[in-house]
Amino acid sequence: MTVSILIFLPLVAAVIVYLLKNDAAKYAALFFAVAELVVAGVMITKFVPDSSVQFVTDAEWMPKLGIYFTAGVNGISLIMVLLNVLLVPIIILSSFNRPQQNANIFYALILFMQAGMLVVFTALDGFLFYVGWEAALIPIYFICALWGGENRIRITLKFFIYTFAGSLFMLLAIIYLHLQTPQRTYDINHFYDLHLSLKEQSFVFWAFFLAFAIKMPVFPFHTWQPDTYTEAPTAGTMMLSGIMLKMGVYGAIRWMIPVAPNAFDKYQYIIITLAVIGIIYASIIAFKQRDGKRLVAYSSIAHVGLIAAGIFAWTASGVQGALIQSLNHGINVVGMFFIWDIISRRLNTRDIGQMGGIASAAPKFAIAFLIVLLGTVALPLTNGFIGEFLLLNGVYEYNIFLSAAAGLTIIFGAVYMLRMYKNVMQGQTNELTVLFTDLTGNEKLVLCCISALIIFLGIYPQSVMHLSDAAVMDLVKTVNTKIVNGALEAITK
Amino acid sequence: MNTLILISVLPILLLYLGLYKAKNALLPVTVIGLLAAAGLAIKEWNTFPAPVYSGMMLFNNYAIAFSVITIFCTVLILLLSKDYFEKISSNVAEYYAIILFALAGIIVMVSYNNLVMLFIGIEIMSVSLYILAGIRKRDIASNEASLKYFLMGAFSTGFLLFGITLIYGATSSFDLTVIRDWIITHPRDGEFVYLFYTGILLIIIGLSFKLGAAPFHFWTPDVYEGSPTLITAFMSTVVKTAGIAAFLRLFTVCFVTVSDYWVPVLTGITVITLFVGNITALYQHSFKRMLAYSSISHAGYLLFAVVSISSGSNSAVFTYATAYSIASIAAFGVLLLIQQNHGNDNFESFDGLGKRNPFLAAVLTIAMLSLAGIPLTAGFIGKFFVFSAALSRMHVWMVVLAVLNAIISIYYYFKVIIAMYFRVGNETEIEVPGYFSFVLGLSALLTLIIGVYPGFIASFI
Numbered sequence: 005m006t007v008s009i010l011i012f013l014p015l016v017a018a019v020i021v022y023l024l025k026n027d028a029a030k031y032a033a034l035f036f037a038v039a040e041l042v043v044a045g046v047m048i049t050k051f052v053p054d055s056s057v058q059f060v061t062d063a064e065w066m067p068k069l070g071i072y073f074t075a076g077v078n079g080i081s082l083i084m085v086l087l088n089v090l091l092v093p094i095i096i097l098s099s100f101n102r103p104q105q106n107a108n109i110f111y112a113l114i115l116f117m118q119a120g121m122l123v124v125f126t127a128l129d130g131f132l133f134y135v136g137w138e139a140a141l142i143p144i145y146f147i148c149a150l151w152g153g154e155n156r157i158r159i160t161l162k163f164f165i166y167t168f169a170g171s172l173f174m175l176l177a178i179i180y181l182h183l184q185t186p187q188r189t190y191d192i193n194h195f196y197d198l199h200l201s202l203k204e205q206s207f208v209f210w211a212f213f214l215a216f217a218i219k220m221p222v223f224p225f226h227t228w229q230p231d232t233y234t235e236a237p238t239a240g241t242m243m244l245s246g247i248m249l250k251m252g253v254y255g256a257i258r259w260m261i262p263v264a265p266n267a268f269d270k271y272q273y274i275i276i277t278l279a280v281i282g283i284i285y286a287s288i289i290a291f292k293q294r295d296g297k298r299l300v301a302y303s304s305i306a307h308v309g310l311i312a313a314g315i316f317a318w319t320a321s322g323v324q325g326a327l328i329q330s331l332n333h334g335i336n337v338v339g340m341f342f343i344w345d346i347i348s349r350r351l352n353t354r355d356i357g358q359m360g361g362i363a364s365a366a367p368k369f370a371i372a373f374l375i376v377l378l379g380t381v382a383l384p385l386t387n388g389f390i391g392e393f394l395l396l397n398g399v400y401e402y403n404i405f406l407s408a409a410a411g412l413t414i415i416f417g418a419v420y421m422l423r424m425y426k427n428v429m430q431g432q433t434n435e436l437t438v439l440f441t442d443l444t445g446n447e448k449l450v451l452c453c454i455s456a457l458i459i460f461l462g463i464y465p466q467s468v469m470h471l472s473d474a475a476v477m478d479l480v481k482t483v484n485t486k487i488v489n490g491a492l493e494a495i496t497k
Numbered sequence: 000m001n002t003l004i005l006i007s008v009l010p011i012l013l014l015y016l017g018l019y020k021a022k023n024a025l026l027p028v029t030v031i032g033l034l035a036a037a038g039l040a041i042k043e044w045n046t047f048p049a050p051v052y053s054g055m056m057l058f059n060n061y062a063i064a065f066s067v068i069t070i071f072c073t074v075l076i077l078l079l080s081k082d083y084f085e086k087i088s089s090n091v092a093e094y095y096a097i098i099l100f101a102l103a104g105i106i107v108m109v110s111y112n113n114l115v116m117l118f119i120g121i122e123i124m125s126v127s128l129y130i131l132a133g134i135r136k137r138d139i140a141s142n143e144a145s146l147k148y149f150l151m152g153a154f155s156t157g158f159l160l161f162g163i164t165l166i167y168g169a170t171s172s173f174d175l176t177v178i179r180d181w182i183i184t185h186p187r188d189g190e191f192v193y194l195f196y197t198g199i200l201l202i203i204i205g206l207s208f209k210l211g212a213a214p215f216h217f218w219t220p221d222v223y224e225g226s227p228t229l230i231t232a233f234m235s236t237v238v239k240t241a242g243i244a245a246f247l248r249l250f251t252v253c254f255v256t257v258s259d260y261w262v263p264v265l266t267g268i269t270v271i272t273l274f275v276g277n278i279t280a281l282y283q284h285s286f287k288r289m290l291a292y293s294s295i296s297h298a299g300y301l302l303f304a305v306v307s308i309s310s311g312s313n314s315a316v317f318t319y320a321t322a323y324s325i326a327s328i329a330a331f332g333v334l335l336l337i338q339q340n341h342g343n344d345n346f347e348s349f350d351g352l353g354k355r356n357p358f359l360a361a362v363l364t365i366a367m368l369s370l371a372g373i374p375l376t377a378g379f380i381g382k383f384f385v386f387s388a389a390l391s392r393m394h395v396w397m398v399v400l401a402v403l404n405a406i407i408s409i410y411y412y413f414k415v416i417i418a419m420y421f422r423v424g425n426e427t428e429i430e431v432p433g434y435f436s437f438v439l440g441l442s443a444l445l446t447l448i449i450g451v452y453p454g455f456i457a458s459f460i
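Protein chains in written order, with this note's numbering: chain A, 5 to 497; chain B, 0 to 460.
Among these hints, one or two may not hold up.
To be verified - DSSO-like cross-link-like pairs, simulated, lysine-lysine; straight-line CA separation at most 27 Å:
1) B:K20 x B:K136
2) B:K42 x A:K68
3) A:K162 x B:K42
4) A:K25 x B:K354
5) A:K68 x A:K270
6) B:K42 x B:K136
7) A:K448 x A:K25
8) A:K368 x A:K426
9) A:K497 x A:K486
10) A:K368 x A:K448
11) A:K270 x A:K481
12) B:K414 x A:K162
As the list claims (entries may be wrong) - To spell it out: a stretch of chain B is covered by chain A in this simulated footprint if at least three of its residues, at any positions, have a beta carbon under 8 Å from a beta carbon of chain A; those stretches are:
13) 172 to 183
14) 397 to 404
15) 409 to 420
16) 432 to 443
The hints are simulated quantities; they were obtained by calculation from the structure and are not laboratory data. Glycine included, each C-beta is placed from N, C-alpha and C at the ideal position.
Take these sequences, add in the hints, and give me the full structure.
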């Protein structure tokens with residue numbers, strides 16, 4: 005079995021779904037997404053959890069130019085693949101209730117995007133990585149701009165230009181690395197083996213960083229994010245926040261830091277500081293939000309800031325935490341956005357100030373909301389906990405003060421999230437919320453899946469973490485050795 | 000060389016057809032003739048060419064590749080012209096004949112081996128274009144376009160000719176190989192060295208005029224706007240491709256050894272061209288004018304490959320020019336239908352096209368994505384090659400500037416995508432003739448094929 009099945013299944017599915025009529029398209033999309041989950045599941049059971057790259061596909065693409073269709077998974081990619089295949093069926097199912105015009109195009113775009121992202125998470129060739137990166141961007145642009153809110157045109161164009169700008173610089177870095185390899189190849193392992201000067205590494209590092217920082221987004225590259233999340237249709241927001249931003253996390257771990265370790269070492273403190281500023285800044289803004297979806301968007305910036313801080317601390321627990329938290333943040337944020345989708349569909353508003361007492365009108369919904377919320381605020385025994393713990397641990401090993409500042413996200417997060425819950429769910433019902441109906445069939449199913457994942461991964465995170473342990477250890481060690489060697493070289497010069 | 004002969008004879012045949020009122024035969028005869036010419040060119044592929052006509056021409060693989068692509072694009076444009084010329088004129092045969100004369104000039108331009116032939120090629124092409132630009136005799140805009148083009152063209156010819164003369168003065172030859180040898184045998188402080196270098200500068204200016212590169216671009220938007228749309232399509236694709244091919248041929252064969260002298264000059268021109276083209280395109284309300292300005296910026300990207308002159312330049316220019324031409328032809332094709340339907344070509348005319356005619360909207364979207372350089376389209380591969388070539392010569396800052404331009408260009412290319420899909424327009428049906436469907440479909444398909452599997456085209460050169 006090879007990764008190409010994983011990549012091409014959603015691509016073929018997208019074409020089939022496009023050719024179907026509305027309702028059939030909906031169910032076909034779900035069917036294919038679940039089929040993809042099964043394929044990935046089989047892959048995970050066959051995966052040997054060491055640091056090697058497995059299930060490799062290697063085909064000629066443009067051999068003259070050193071470009072090959074090489075893709076495979078190691079532990080790090082596998083967690084991202086898992087995130088992808090878990091969330092896409094949930095996202096598709098969650099959008100069933102929305103009356104969708106041109107559902108076939110909508111679901112085809114989602115599946116196409118899934119294929120693009122799977123390319124990103126499995127590519128072993130720089131060119132392929134870039135193509136996947138952009139191939140995931142085009143569908144989300146159309147999803148947001150076709151089915152989004154009122155200001156969607158202006159905002160999604162801003163989003164597109166922002167992310168496209170970042171990725172073009174990444175393309176330059178990739179071409180540059182290619183030109184430095186003696187074999188003139190785009191192979192990731194040859195990129196790792198390069199021996200670049202600090203100046204060259206700095207160029208590559210910042211070019212990659214722009215792309216990844218915009219995607220995640222790291223402060224101050226986040227300005228596109230709250231608007232886009234608010235205006236995009238819920239499924240689009242879920243795809244963006246749940247999966248797509250993890251492309252930045254993955255890229256930083258697997259492509260940026262290992263190819264430019266010494267530059268990373270030099271600028272590490274700047275970037276961690278930016279990440280921590282982002283955490284505090286976004287948390288404070290989240291306090292002020294009255295629009296529920298916007299609140300979740302800002303809280304997402306804070307959480308991702310912590311992930312970024314963990315990566316850039318570059319310790320085994322930081323990187324491991326970043327991976328596991330990427331998975332968990334994806335699950336939680338999809339849950340959160342789905343909850344706000346339910347609320348805004350029932351009440352036609354997302355203004356927290358107008359709500360109250362929904363818990364008494366819809367008790368099942370209240371329980372599901374609470375579980376997702378507790379996962380988001382990282383209560384022990386929910387999935388958020390282990391990730392944040394490892395991340396803070398990683399940052400602590402780098403710098404205790406930064407760790408303390410980053411830790412504020414947990415306190416702030418708990419405060420604004422619980423306050424949101426109080427204002428929305430508790431207290432007396434009012435005219436608006438009194439007729440709030442409880443969960444219906446597929447809403448129940450979606451929230452059950454999400455809650456189950458939150459609790460399962462909270463109690464038994466090792467089920468996922470064992471996949472990436474060896475790969476993370478290996479990568480962290482290699483990079484640290486390179487950093488030390490680089491420093492020694494600088495001294496002896 | 001038979002290609003050139005065939006393309007030169009064909010227009011005469013067409014004029015006779017016109018004389019005997021065989022209007023319906025014009026298009027088939029032209030297309031078959033051109034395909035035959037392309038076939039003759041392909042036959043000579045990889046046949047170790049020797050210079051012909053006393054060393055005036057050299058029909059090597061480079062010339063063949065560019066001849067075939069220009070012929071192919073001309074065929075696509077002519078297919079779009081099915082009813083177009085009949086509507087604006089009664090003397091249809093002349094159109095076909097003049098376009099083919101221009102094409103004959105273009106074939107000379109991509110296969111010259113002697114500066115005189117370069118000059119003659121450019122003039123054959125230019126004179127034909129002056130006529131084509133003004134072919135709508137009673138249309139003031141068309142007249143203006145023609146006059147402007149003629150004046151500017153004559154001006155630039157002066158520069159080019161003066162440059163050629165100076166180089167002849169220094170080297171006593173028009174022959175590319177002799178000039179190349181002269182540079183190698185004459186160190187930089189020789190007797191005629193100033194003549195020679197001034198000659199290079201003047202040639203750069205002359206050719207930049209023809210390409211529409213800034214700051215010699217002022218004629219472009221007006222001429223493009225005033226000319227009949229299909230002629231504009233021809234000018235901004237085939238003619239531009241020929242211009243850059245001639246440019247590259249001269250500089251790779253002759254001047255590559257003194258590249259440190261002219262590269263800074265051309266770098267300046269390239270950067271100005273990119274910014275002028277892109278920034279002015281941002282402010283356009285008319286789709287046609289936007290395409291005109293964006294074609295200036297594409298000239299900038301093409302010049303990029305000349306600046307970073309290397310072994311990869313040829314394939315970079317070829318791929319980029321092909322990608323750009325095919326996408327532009329698709330864009331102009333859709334524009335033509337919209338113009339006929341709405342009477343104007345503002346962005347508003349495209350409102351709601353996604354609903355009204357999904358096929359046209361899809362083709363135009365693919366064309367715009369390709370022009371913007373988004374992956375999985377041919378345009379991306381072109382940009383990728385150009386950037387690779389430039390980075391291999393360590394022009395990092397230039398590439399960064401080019402990237403900034405690519406980002407700016409997203410804004411105006413997406414304007415039309417936004418109009419088509421996200422705005423509501425009137426609901427009148429647009430009838431798409433069969434020829435159009437064929438050309439547009441083929442262009443879109445080729446754009447995607449080259450985008451996904453570029454080995455298919457990059458292996459040509």
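Numbers of unmet hints, in rising order: Violated hints: 3, 5, 6, 13, 16; rest satisfied.
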